[in-house]
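Engineer: Start from the sequences, fold in the hints, and give me the full structure.
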Amino acid sequence: MPQAVSFHLNDQTIADVHASPTTTLLEYLRGHLRLTGTKEGCAEGDCGACSVAFLDPDGPAGPTYRAVNACLVLLPMVHGRRVYTVEGLREKTGEYHPVQEALVRELGSQCGYCTPGVVMAMFEACYRRDLTSRGSSTTRCAATCAAAPATGRSATRPARSPGPAPTTGLIGSWWHRRST
Amino acid sequence: MNFSRGGEGRIYATPTSFEELWAYMAAHPQAKLICGGTDLSLTLTKRFVDLPELISVEGLPGLRGVTRVNEGWRIGATTTLADLEAFAAAHGPTFTPLLRMLRYFASRQIKNRATVGGNLCNASPIGDLAPVLMCLNGQVVLRSAGGSRQVPLDEFFLAYRQTELQAGEILEAVIVPDLPANARAGAYKVSKRRELDISTVAGGFCVEVDAEGKVAAARLCFGGMAATTARARNLEAALIGKPWTVAQVEAALPALAADFRPIDDARGSAWYRRTVAENLIRGFVLETRQVQINNLSQRPSGTVHLEVVS
Chain A
11 MPQAVSFHLN DQTIADVHAS PTTTLLEYLR GHLRLTGTKE GCAEGDCGAC SVAFLDPDGP
71 AGPTYRAVNA CLVLLPMVHG RRVYTVEGLR EKTGEYHPVQ EALVRELGSQ CGYCTPGVVM
131 AMFEACYRRD LTSRGSSTTR CAATCAAAPA TGRSATRPAR SPGPAPTTGL IGSWWHRRST
Chain B
-12 MNFSRGGEGR IYATPTSFEE LWAYMAAHPQ AKLICGGTDL SLTLTKRFVD LPELISVEGL
48 PGLRGVTRVN EGWRIGATTT LADLEAFAAA HGPTFTPLLR MLRYFASRQI KNRATVGGNL
108 CNASPIGDLA PVLMCLNGQV VLRSAGGSRQ VPLDEFFLAY RQTELQAGEI LEAVIVPDLP
168 ANARAGAYKV SKRRELDIST VAGGFCVEVD AEGKVAAARL CFGGMAATTA RARNLEAALI
228 GKPWTVAQVE AALPALAADF RPIDDARGSA WYRRTVAENL IRGFVLETRQ VQINNLSQRP
288 SGTVHLEVVS
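Line by line, the protein sequences are chains A and B. Numbering of the first sequence is given in my numbering, commencing with residue 11 and proceeding in unit increments. Numbering of the second sequence is given in my numbering, commencing with residue -12 and proceeding in unit increments.
If you are wondering where the hints come from, they were derived from the structure by calculation, not from laboratory data. As the structure is a prediction and not an experimental result, all values here were calculated from the model. Glycine is no exception: its CB is placed at the ideal position from the N, C-alpha and C atoms. Among the clues, some could well be false.
Using C-beta positions, here's what the derived DEER-type ranges look like [unchecked claim]:
| # | chain 1 | residue 1 | chain 2 | residue 2 | range |
| --- | --- | --- | --- | --- | --- |
| 1 | B | Ala253 | A | Gln13 | 19 to 25 Å |
| 2 | A | Gln22 | B | Ala14 | 34 to 40 Å |
| 3 | A | Glu101 | B | Leu273 | 49 to 55 Å |
| 4 | A | Glu101 | B | Asn109 | 37 to 43 Å |
| 5 | A | Gln22 | B | Ala10 | 30 to 36 Å |
| 6 | A | Tyr123 | B | Ala204 | 49 to 55 Å |
| 7 | B | Tyr147 | A | Gly122 | 51 to 57 Å |
Which stretches of chain A does chain B cover? Using the computed rule of at least three CB atoms under 8 Å from a CB of chain B, they are [to be verified]:
| # | segment |
| --- | --- |
| 8 | 29 to 40 |
| 9 | 47 to 55 |
| 10 | 63 to 70 |
| 11 | 105 to 116 |
Structural biologist: This is the structure in structure tokens:
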């Protein structure tokens, strides 16, 4: 009857996780997997430094990426999901994801601590059709001013609109470039 | 699925049918219900209090999404705020006040996980959906193994963080009727910082104006003014039958003092809250004396948009 959590992290299977069900995804990423790109800022869902993305297969407009605060996500919540962290965005050829390129080009990083969270929020925005509410990050450095236009520019860069499944369309084209 | 690793008596169950849910709830009467966990997780990360028994409603069928029901809409309890915002953008005018509130509700990351049911059942006095859904005459559907019942949202909140939910009962959906053609509606949020902040005072207002221009019905709902989201019943009564004009609202406003005794806290003093509450009503009548609704989702939600009339 008891089962362990399994999920896909940056397209690698993380199976049979033996941890308390109240372990947060952030604790697990940093403490157990030593994936320290995802940062802890406030640990209360305000600052966005811990943002990761997962694929929501049941979105009203089809499968879509969702940036979420890993500090508030408990491990059982990602059971069976595809989760992506900042470590997983680079394509197989070594190229950065367009949102990372845009952030570099626009000088959208200062001390860098919140940057992985900003990248993941931009990653989600990149695949959305409505940009009425973008991912948010509470940062007080000069990079904020640069990151906002970078989101807008990178979001318009890919030409195609999101497709119905993670292996096709815009989401799929990124997925293929980095995994096949 | 039942993840009970990590020690004796620990459970995180994700039932995928209501039969399973009722069985888990009966076997673990102390368990907390969870969905997105955007508030409940703070118990772990900020208060350092353990949550040994959790039952997630995320896997239950038929709870996510907005569907048409007779002369209204059914918003499922596990509909995320991001889903609701996208739906609201395409479904005015009933959803226009919700859209404006959702724009300033929280970060995208929170809205991607936070749910309608969670925001209501959390019963925070500054849960931002409650005043808007209450002013839209929302009814909550409460479901248990024995059946379902509907409760008007303005009777759902009993006291600070206490709701009408009984043991073994979950909030299944909120029913929102279509906004009547003669209704004027709006939503306002005042917080210290415009983005990513908790409300100091939030308002969801709806008045129905009859053919003679007089107020036939009013639902003026405030968050942050009392221990629960609540209607300003005295002010509503003072407005009924009066013309929906700036002068009449100004004459009725002293009644608001009898409705609420707000508290002083870090987000604002009692004086500030009273003053803001009055000013939001003043702004509401200025915005809606000539139009049914203002679609101003991109404007700061604590401000009032006025055409300069010479």
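Engineer: Decide, hint by hint, whether the structure agrees.
Structural biologist: Against the structure, the hints:
1. B:Ala253 with A:Gln13: 19 to 25 Å: 43 Å, violated
2. A:Gln22 with B:Ala14: 34 to 40 Å: This hint holds: roughly 36 Å between Cβ atoms.
3. A:Glu101 with B:Leu273: 49 to 55 Å: 53 Å, holds
4. A:Glu101 with B:Asn109: 37 to 43 Å: 41 Å, holds
5. A:Gln22 with B:Ala10: 30 to 36 Å: 35 Å, holds
6. A:Tyr123 with B:Ala204: 49 to 55 Å: 52 Å, holds
7. B:Tyr147 with A:Gly122: 51 to 57 Å: 42 Å, violated
8. 29 to 40: The restraint on the segment 29 to 40 of chain A holds, since 6 of its residues have a Cβ under 8 Å from chain B and three suffice.
9. 47 to 55: Result for this restraint: holds, n = 3.
10. 63 to 70: n = 4 at 8 Å, threshold three: holds.
11. 105 to 116: Coverage by chain B is violated here, the residue count being 0 at a Cβ distance below 8 Å.
Checked against the numbered hints given earlier, the structure breaks hints 1, 7, 11 and satisfies all the rest.
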